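4 protein chains.
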Amino acid sequence: MTDAELHARAVSVAARAYAPYSEYHVGAVALMRDGTVLEGVNVENAAYPLGVCAERTLLSGAVVAGFRPGDVEVVAITASPCGGCRQWLYEFKVERVVFPSGGELVARTTAELLPDAWDDL
Amino acid sequence: MTDAELHARAVSVAARAYAPYSEYHVGAVALMRDGTVLEGVNVENAAYPLGVCAERTLLSGAVVAGFRPGDVEVVAITASPCGGCRQWLYEFKVERVVFPSGGELVARTTAELLPDAWDDL
Amino acid sequence: MTDAELHARAVSVAARAYAPYSEYHVGAVALMRDGTVLEGVNVENAAYPLGVCAERTLLSGAVVAGFRPGDVEVVAITASPCGGCRQWLYEFKVERVVFPSGGELVARTTAELLPDAWDDL
Amino acid sequence: MTDAELHARAVSVAARAYAPYSEYHVGAVALMRDGTVLEGVNVENAAYPLGVCAERTLLSGAVVAGFRPGDVEVVAITASPCGGCRQWLYEFKVERVVFPSGGELVARTTAELLPDAWDDL
Numbered sequence: 011m012t013d014a015e016l017h018a019r020a021v022s023v024a025a026r027a028y029a030p031y032s033e034y035h036v037g038a039v040a041l042m043r044d045g046t047v048l049e050g051v052n053v054e055n056a057a058y059p060l061g062v063c064a065e066r067t068l069l070s071g072a073v074v075a076g077f078r079p080g081d082v083e084v085v086a087i088t089a090s091p092c093g094g095c096r097q098w099l100y101e102f103k104v105e106r107v108v109f110p111s112g113g114e115l116v117a118r119t120t121a122e123l124l125p126d127a128w129d130d131l
Numbered sequence: 011m012t013d014a015e016l017h018a019r020a021v022s023v024a025a026r027a028y029a030p031y032s033e034y035h036v037g038a039v040a041l042m043r044d045g046t047v048l049e050g051v052n053v054e055n056a057a058y059p060l061g062v063c064a065e066r067t068l069l070s071g072a073v074v075a076g077f078r079p080g081d082v083e084v085v086a087i088t089a090s091p092c093g094g095c096r097q098w099l100y101e102f103k104v105e106r107v108v109f110p111s112g113g114e115l116v117a118r119t120t121a122e123l124l125p126d127a128w129d130d131l
Numbered sequence: 011m012t013d014a015e016l017h018a019r020a021v022s023v024a025a026r027a028y029a030p031y032s033e034y035h036v037g038a039v040a041l042m043r044d045g046t047v048l049e050g051v052n053v054e055n056a057a058y059p060l061g062v063c064a065e066r067t068l069l070s071g072a073v074v075a076g077f078r079p080g081d082v083e084v085v086a087i088t089a090s091p092c093g094g095c096r097q098w099l100y101e102f103k104v105e106r107v108v109f110p111s112g113g114e115l116v117a118r119t120t121a122e123l124l125p126d127a128w129d130d131l
Numbered sequence: 011m012t013d014a015e016l017h018a019r020a021v022s023v024a025a026r027a028y029a030p031y032s033e034y035h036v037g038a039v040a041l042m043r044d045g046t047v048l049e050g051v052n053v054e055n056a057a058y059p060l061g062v063c064a065e066r067t068l069l070s071g072a073v074v075a076g077f078r079p080g081d082v083e084v085v086a087i088t089a090s091p092c093g094g095c096r097q098w099l100y101e102f103k104v105e106r107v108v109f110p111s112g113g114e115l116v117a118r119t120t121a122e123l124l125p126d127a128w129d130d131l
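Protein chains in written order, with the working numbering: chain A, 11 to 131; chain B, 11 to 131; chain C, 11 to 131; chain D, 11 to 131.
Just so you know, these hints were derived from the structure itself, not from any lab.
Any given hint could turn out to be false.
Any copy, or any two copies together, can satisfy a pair, since identical chains are not distinguished.
List time: in silico SDA-like cross-link candidates among lysine to any residue, alpha-carbon distance up to 25 Å [as the list claims (entries may be wrong)]:
| hint | residue 1 | residue 2 |
| --- | --- | --- |
| 1 | Lys103 | Val47 |
| 2 | Lys103 | Ala29 |
| 3 | Lys103 | Pro125 |
| 4 | Lys103 | Glu83 |
For clarity, every value in this text was computed on a predicted model and none was experimentally measured.
Go ahead and model the full structure; you've got the sequences and the hints to work with.
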């Protein structure tokens, strides 16, 4: 799948978000190195700080399925990742992160998304 | 599946946790009203506050799969849920929560786990 | 200060909350064992899960000021604490938690707020 | 105060961290535009994801004290900020963030720390 196809699928997946508080639906899709495609959406909570972003439901789903950091080739998201999710993308050593920015679809490394990263991995 | 069987499966699932920082592996299993069984594990991050507990990877996985609050009958966990996860179990209107406490397996409602709950749902 | 006075002060403090996303302003006040009174408010973030509740800004402020778990006698809040904050109140061994519930001001222990608590302290 | 002085104070403040789980003590100091200096430390919880980083206890303390986004000139930290805290530094429109990286003290803007930032402020 191309980056554009992965992003299109993330847009489609976003409809399943549970976001009754913000009504801001986010979708994320991962292409694993073995070809598997996984999905994530944001899941909010009435106590806002307890919610979980789409990138984190995606990557935690990957762990539940048996994957580990290093197994993810691409993550495509319907929006630029928040800082917290950048730290997860970094932890999982995702090779390429695809999202819309400035009106176009961009691809970034986690080092580009989190420059001068604190490194305790 | 009985509560004991669901708990036994949660124990087995815990092996897939990504918990390199605490080395504390937690597993959680949900029995949905339609009979589906789903799994969750804790996923930690080098920046500890960004981690996600097993109950939340479980329930966010349920949302990704198309389920909604009200669809979960039982959640069985390898340990007593933290307060943050109790708020999630409450949001998802889980009917029965099963976990070890005081040396035995107990079953609790979310109202029992979160008395005097703040209600903004 | 009485519980009602502490609660009244929490109501007053809530005006300082930074809650542009939910517009739900929460205030919290702690009476320390040495007589010091401390304040907290919720602080939200555009990425909702990164926000911090009033009870947690309150207790983290206490730590910055040099206090430790066991030093807090009462925490009064303008609303029932979410599960995540109950876990903090439990960690800090707060003796009494005061908040409105069912139309009156109630006082609870952390054991009452978090029954069957997971104990790794 | 110079950046080096602010960082030295953050190092000193870190001793007050409540970090019994990671034993990783972080300190943060803010110089507000009006000259006020504020402090923060990380505060952990037995349930790791409920903890709060030093930068967030610092900035939430600023809010409790009456400050708002735009009021912070410099934040100095004893370590590179995690992604979640970068999102907070961005939300608060902090002008300059000072921390050690690659063996020296660096100063960064929040735009440099969070390139292609998602903007919903």
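Here is how each hint holds up against the structure:
1. Taking identical chains as interchangeable, the C-alpha atoms of lysine 103 and valine 47 lie at most 25 Å apart only when both belong to the same chain, with a minimum of 17 Å there against 30 Å between chains.
2. Proximity of lysine 103 and alanine 29 under a CA criterion of 25 Å is satisfied inter-copy only: 16 Å between copies versus 28 Å inside one chain copy.
3. Taking identical chains as interchangeable, the C-alpha atoms of lysine 103 and proline 125 lie at most 25 Å apart whether they share a chain (14 Å) or sit on different chains (18 Å).
4. In this assembly of identical chains, lysine 103 and glutamate 83 lie within 25 Å of each other by CA distance solely inside one copy; the values are 9 Å within and 33 Å between copies.
Comparing the model with each numbered hint stated earlier shows that all of them hold.
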